[in-house]
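Participant: Given these sequences and hints, build the entire structure.
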Amino acid sequence: MADWFAFGLEGTASSGLDKVLRLQETKLQFARALKYALANPIPQAPDRIALIHDDIKSLDKTLRLRVSMLPLDRPQAWFRPGIPAEKSPIASSEHTDPIFMPFEDSHAAVVRLALPEFWRQRIVATDRYDAGFSLWGRLLALNKKLHQLNHLSAPFHDITIDEMPDAIPDELSSPALNAFVTQLCQRLKACQRDLEACYSFLWARSESFLFALHVQYMGGRGKESRADKNAPPPLPHNGRKLSPLEEALRFMNFSRLPNFADLRARYRVMAQALHPDRGGNEDHFKLLSLHYQALLKQSQRF
Numbered sequence: 008m009a010d011w012f013a014f015g016l017e018g019t020a021s022s023g024l025d026k027v028l029r030l031q032e033t034k035l036q037f038a039r040a041l042k043y044a045l046a047n048p049i050p051q052a053p054d055r056i057a058l059i060h061d062d063i064k065s066l067d068k069t070l071r072l073r074v075s076m077l078p079l080d081r082p083q084a085w086f087r088p089g090i091p092a093e094k095s096p097i098a099s100s101e102h103t104d105p106i107f108m109p110f111e112d113s114h115a116a117v118v119r120l121a122l123p124e125f126w127r128q129r130i131v132a133t134d135r136y137d138a139g140f141s142l143w144g145r146l147l148a149l150n151k152k153l154h155q156l157n158h159l160s161a162p163f164h165d166i167t168i169d170e171m172p173d174a175i176p177d178e179l180s181s182p183a184l185n186a187f188v189t190q191l192c193q194r195l196k197a198c199q200r201d202l203e204a205c206y207s208f209l210w211a212r213s214e215s216f217l218f219a220l221h222v223q224y225m226g227g228r229g230k231e232s233r234a235d236k237n238a239p240p241p242l243p244h245n246g247r248k249l250s251p252l253e254e255a256l257r258f259m260n261f262s263r264l265p266n267f268a269d270l271r272a273r274y275r276v277m278a279q280a281l282h283p284d285r286g287g288n289e290d291h292f293k294l295l296s297l298h299y300q301a302l303l304k305q306s307q308r309f
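So in this note's numbering, spot 9 of the sequence shown is number 16, and the numbers just go up one at a time.
Keep in mind the hints are simulated off the structure, nothing from the lab. Some clues are possibly wrong.
[What the hints assert, rightly or not] Distance windows between CB atoms, simulated: (1) Phe-261 - Met-76: 30 to 38 Å; (2) Glu-214 - Leu-28: 15 to 23 Å; (3) Asp-54 - Val-27: 28 to 36 Å; (4) His-164 - Gln-190: 17 to 25 Å.
Even glycine gets a Cβ: it sits at the ideal position worked out from N, Cα and C.
Facilitator: Put into structure tokens, the structure is as follows:
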């Protein structure tokens, strides 16, 4: 370790001592920036990395518990009947839950585009996903919180904990400091990995949720009046007619050509939901078979 006073041996005594003081003040600022980022205002309480680690573990446990109760092979488990409007002279209100609104392809497309973007940009969309009630809200809030924790305050805002000790300027570096921040870096990266795993898990199951909505939507259409069963299907929102492959992907709710295992698993679930003997639509069941064969043939080409 270099002698801290050696930096002031060049030039005049006054200028040398000014340089020593500036360096010591910078070191003090750096220590304060680390303390501001990590310290818990409650005495003897765990630091902020430990707190967010506990929050992430709690979210992961909640995800595994709650989402496991909504399996893909039981689409009906994803839905619940709405609470009826109260009928009384005093109050009359209708309770609705937007999560269980009727399925719309356009809404599903927005969700698929918006959530990954919120995650990448570390946006907390409280107007759509309240952290107090929504698993996605909690995840997005923790994502932003972890990002803020990783960045030091000015004048060291360009230094992040997960890049230490390499990001520390040479004049501030020391063996003890490097050992200390290396430990911080490892702990914070572990939080990042755990939160990324939560995101991947919730995203995969959210895709399953949208698929369950799609299955219920397709099955529910079989109970509609047969008066307009011969009407042509509606065009996509941009007015362009879909190709046979695009129509098959859309019918089975795939965004891209699936592998054989995913295609077969989805076919089985949809076949159970759309089968006429289970109250489904016979026309849709026949369409499902045609679209499945088309996608199967296409996937076997690759």
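Participant: Determine for every hint whether it applies to the structure shown.
Facilitator: Structure-based check of all given hints:
1. For the pair Phe-261 and Met-76, the beta carbons lie near 25 Å from each other, so the given range of 30 to 38 Å is not met.
2. Range check, Glu-214 to Leu-28: about 58 Å between beta-carbon atoms, so the 15 to 23 Å window is missed.
3. In this structure, Asp-54 and Val-27 meet the distance hint of 28 to 36 Å, their C-beta atoms being roughly 31 Å apart.
4. At roughly 22 Å, the beta carbons of His-164 and Gln-190 sit within the given window of 17 to 25 Å.
Violated hints for the displayed structure, listed by number in ascending order: 1 and 2.
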